[in-house]
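Asks: The chain contents come next:
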Amino acid sequence: MLISLFITCYNDMLFPETGKAVVRVLERLGHTVEFRRRQTCCGQMHYNTGYQRDAFPMMLHFLEVFRDAETVCAPSASCVAMIRDHFPKMAEGAGDASLRQAVDDMLPRVFEFSELLVDKLGVTDVGAFFPHSVTLHTSCHAIRSLKIGDKPWRLLQQVRGIRLIELPYREQCCGFGGTFAIKNPDVSAAMVSEKIRYVLDTQAEICTGVDNSCLMHIGGALSRERAAVRCLHIAEILGASGPNAQAGGAA
Amino acid sequence: MSVRVGKADHAPAFPGAAKRLMGNTQVRQNVRRATDTIRGKRAKVVAEMADWEELREAAHAIKEHTLRYLDFYLEQFETNCTRAGGQVHWARDADEANRIVTGLLQGRGQNEVIKVKTMTSDETQLNVALHDAGITAHETDLADMIVQLGEDEPSHIVVPAMHRNRAEIRQIFLKKMKLQELGDRPEDLAAAARAYLREKFLRVKAGFSGANFAIAETGSICVVESEGNGRMCVTLPEILITMLGVEKVIPSFNDLEVFLQLLPRSATGERMNPYNSIWTGVTAGDGPREFHVVLLDNNRTGVLADKEARETLDCIRCGACLNACPVYRQTGGHAYGSIYSGPIGAILSPQLQGMEHSKSLPYASSLCGACYEVCPVKIDIPEILIHLRGKLVESGYPPLAERVAMKAAAVALADGDRLAAAQKLARLCQWPFEHEGQLRNLPGMLGGWTAFRDLAAIPKESFRDWWAARSGGKNA
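Chains A and B, in that order, are what the protein sequence lines are. Residue numbering for the first sequence is 1 to 251, as defined by my numbering. Residue numbering for the second sequence is 252 to 727, as defined by my numbering.
It should be emphasised that the hints constitute simulated quantities derived from the structure, not laboratory data. Note that the coordinates shown come from a computational prediction; the quantities given were computed from them, not determined experimentally. Among the clues, some could well be false.
What the hints assert, rightly or not - No farther apart than 20 angstroms at their CA atoms in a straight line, the calculated lysine to any residue pairs in the SDA-like style are these:
hint : chain 1 : residue 1 : chain 2 : residue 2
1    : B       : K558      : A       : I182
2    : B       : K711      : A       : I182
3    : B       : K456      : B       : E432
4    : B       : K295      : A       : R170
5    : B       : K642      : A       : H61
6    : B       : K658      : A       : H61
7    : B       : K558      : B       : D322
8    : B       : K642      : B       : K711
9    : A       : K89       : B       : G641
10   : B       : K456      : B       : D322
11   : B       : K270      : A       : I182
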């Protein structure tokens with residue numbers, strides 16, 4: 001299958017290792033990956049902060065770039081949630097029937113990374129080897145908007161050598177929330193401080209998830225505390241293989 | 252018209268108020284413990300219901316229908332309530348509602364009134380107006396009584412004294428009830444409250460209540476509660492006054508079937524409220540001889556006019572969104588500067604008051620969606636928060652630095668090549684802040700991030716650079 005990677009703007013710049021891991025996993029499964037370099041952003045930050053007017057051209061740009069793509073994969077649940085929940089609303093609000101049609105045509109082809117693997121490609125065992133203890137933060141958009149359920153957990157269960165540990169209060173927000181973390185820094189910090197306490201309680205070496213935005217927040221707080229736990233996107237765990245696989249990468 | 256929601260017009264912005272309140276570790280511990288308990292109870296009784304999602308859908312549909320024909324149902328309620336011997340008063344705003352209630356009590360020579368818990372009268376600050384008119388209001392709900400005696404503000408819609416623990420309540424009772432001795436077991440505190448209240452129930456001739464529902468078809472009022480104080484307040488006095496927001500009307504008695512399953516489970520994790528009082532007008536020889544209903548607008552019709560946000564008025568004040576909210580969990584209710592706190596407060600207060608007040612509230616959320624998930628009437632709170640943020644941005648509310656940054660980002664994100672150039676620029680600019688691979692002390696608004704967390708330095712090679720090198724520009 002030809003899979004078009006929507007890396008998302010912040011992964012592109014801040015978490016290139018996640019993108020490389022997505023490519024590695026999909027190619028290992030025998031698929032072809034393409035990257036359209038005109039791609040930019042889904043518009044989520046602008047939309048959620050109240051700059052809906054600025055998000056609109058980003059939606060148009062996304063639709064144009066990926067118009068003829070067979071399957072689009074994004075390693076970020078919140079960006080996929082933006083596309084699925086808000087693109088139809090924005091097109092509807094513009095009162096443009098052809099735009100609405102373009103969005104409706106696009107949506108069934110857009111997948112979050114773990115959705116793509118489990119739902120579209122029908123695999124849970126991607127041949128990964130990762131000999132570390134891991135806990136999973138289920139990010140808010142993944143569970144409440146995409147209704148992703150236990151898909152990430154099932155993918156992780158098939159990884160050789162992994163030891164999975166459940167995170168207490170795993171469905172509670174880490175306090176990132178995009179510009180919330182900057183506009184309400186004290187509350188956001190209090191939320192992440194509760195979150196990292198649960199992460200530390202698991203005694204896992206790695207905290208993973210399907211959104212690098214949450215992991216950047218949790219990881220940033222852990223780093224400030226000089227804690228030894230590291231955050232790693234699920235793609236980087238699923239992309240690890242071979243007996244010498246090391247926990248590497250970003251966050 | 253003077254629209255007022257509690258004392259919110261004097262409220263400080265949310266970030267600062269939250270910071271100050273989070274310094275009180277006792278409050279944080281009380282709130283965390285209490286919300287964990289209610290969340291657990293709610294989850295258990297909701298899981299028992301096979302048709303929970305259908306009930307939520309039904310409740311949403313009933314509310315949407317009622318709001319669409321609100322004028323019709325309100326007049327139907329007025330007609331039927333009047334026919335049953337009640338008197339209906341219409342109040343445009345908080346001051347008018349308070350004047351009506353004060354006038355009714357003064358006209359009948361009453362200088363005391365016993366009250367059932369009601370958020371609506373907190374919204375209009377009725378107790379202050381009564382006090383100014385020389386009338387003493389006695390709150391009879393245990394938690395509201397604790398708030399009143401403690402000269403405090405409610406911090407939760409359903410559990411107004413959530414921020415207090417047993418030891419603090421004991422201190423308030425000792426001081427205000429002028430007791431010599433008091434234990435700190437729940438039964439000791441309840442016994443003290445009972446002795447204190449019973450005398451008032453038996454003596455005071457005027458009662459005041461809010462309403463959970465007003466039934467248009469029959470002209471009836473429904474109040475649900477847990478302690479029995481409400482039943483006393485609506486049956487023992489000679490004159491009863493009920494104040495409610497216009498959105499509390501529902502079309503028919505049958506609709507209660509839906510709401511009385513959803514409300515107690517969502518509010519307190521109970522299958523049914525211990526006391527469900529439903530009455531219609533007055534009945535000769537039984538209960539109050541005089542019954543008045545005050546229907547309050549206080550800009551609810553303004554909310555109704557915004558079709559993107561009008562479902563805010565579906566709210567049945569169960570408080571489930573507060574208990575589920577990870578922000579409320581840290582700050583408690585007082586940070587919201589309004590008697591309506593938590594996620595519902597963040598959308599309700601700014602809309603009732605107009606956007607010049609409570610402007611920081613729509614941003615007091617990480618948009619995690621936990622509120623929408625538990626809402627028994629399916630109010631999409633995150634969507635409404637985003638909608639209100641949009642209105643704030645259109646009105647030029649955010650600081651200039653933010654607006655410029657957002658505009659610059661929008662320009663950079665218009666095209667892949669521009670984005671690549673912006674990435675290179677960001678990488679060049681980070682060196683003054685880089686320390687052992689982490690960014691520290693970032694300037695401006697980004698400083699909010701680095702005050703509490705590290706941020707890994709931007710890697711030397713972006714994904715798009717890596718891809719270009721790997722594929723020799725293929726797939727471009």
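Asks: Which of the numbered hints above does this structure break?
Replies: Result: hints 1, 2, 3, 5, 8, 10 break, sorted rising.
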